[in-house]
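All residue numbers for the sequence shown refer to this note's numbering, where the first residue is 5 and numbers rise by one.
The reader is advised that the hints may include incorrect statements.
[Unchecked claim] Heads up, simulated DSBU-like pairs for lysine-lysine below, C-alpha to C-alpha not over 30 Å straight-line: (1) Lys49 - Lys77; (2) Lys15 - Lys125; (3) Lys49 - Lys89; (4) Lys89 - Lys47; (5) Lys118 - Lys77; (6) Lys47 - Lys118; (7) Lys56 - Lys77; (8) Lys15 - Lys47; (9) Lys118 - Lys89; (10) Lys15 - Lys49; (11) Lys89 - Lys15; (12) Lys77 - Lys89; (13) Lys77 - Lys15; (14) Lys15 - Lys118; (15) Lys77 - Lys47.
Read the hints as simulated data drawn from the structure, not as lab findings.
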Amino acid sequence: MDSIRVNSGVKVIEVNDAGETISLPLSDDSFIRDFFALLNEIKDKSQAITDKSNDTEAVINDVVLLDEEIRDKTDALIGENTCNKVFGAVLPSIDQFVEFFTLLNPFIEEHSQKRVENMNKYSAERVGSV
Numbered sequence: 005m006d007s008i009r010v011n012s013g014v015k016v017i018e019v020n021d022a023g024e025t026i027s028l029p030l031s032d033d034s035f036i037r038d039f040f041a042l043l044n045e046i047k048d049k050s051q052a053i054t055d056k057s058n059d060t061e062a063v064i065n066d067v068v069l070l071d072e073e074i075r076d077k078t079d080a081l082i083g084e085n086t087c088n089k090v091f092g093a094v095l096p097s098i099d100q101f102v103e104f105f106t107l108l109n110p111f112i113e114e115h116s117q118k119r120v121e122n123m124n125k126y127s128a129e130r131v132g133s134v
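Make a model of the complete structure from these sequences and hints.
Right, dumping it as structure tokens:
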């Protein structure tokens, strides 16, 4: 029997001392789009909070709400319990999210570069395009 296996493009990364992992579906273009959209959302909403008010209590409440929102969106994007695995049983701060996404970015960049190189191997002439 013939068989084939297609590279799924999923990158598994260990994220804590207990050996727990997260999986990044790097070949899923919607994952890449949503990853960068979340980074932009963090930047925009953080700036809006900074510009908003001198009322410390209101600012802190807004920051906690944003932290909770980003935690939920991170878990939805990367996988259930991602934030618990990465940060432990605390509500991560925006600084921690930025650090986390900064650490993930090289994996995305490397995969994107490999995709470009692979696509360049197949010119229209080689694949018989009309």
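We went through each hint and held it up to the structure:
no.	hint	result
1	Lys49 - Lys77	holds (14 Å)
2	Lys15 - Lys125	holds (23 Å)
3	Lys49 - Lys89	holds (25 Å)
4	Lys89 - Lys47	holds (23 Å)
5	Lys118 - Lys77	holds (27 Å)
6	Lys47 - Lys118	holds (28 Å)
7	Lys56 - Lys77	holds (23 Å)
8	Lys15 - Lys47	holds (26 Å)
9	Lys118 - Lys89	holds (28 Å)
10	Lys15 - Lys49	holds (29 Å)
11	Lys89 - Lys15	holds (16 Å)
12	Lys77 - Lys89	holds (15 Å)
13	Lys77 - Lys15	holds (19 Å)
14	Lys15 - Lys118	holds (13 Å)
15	Lys77 - Lys47	holds (14 Å)
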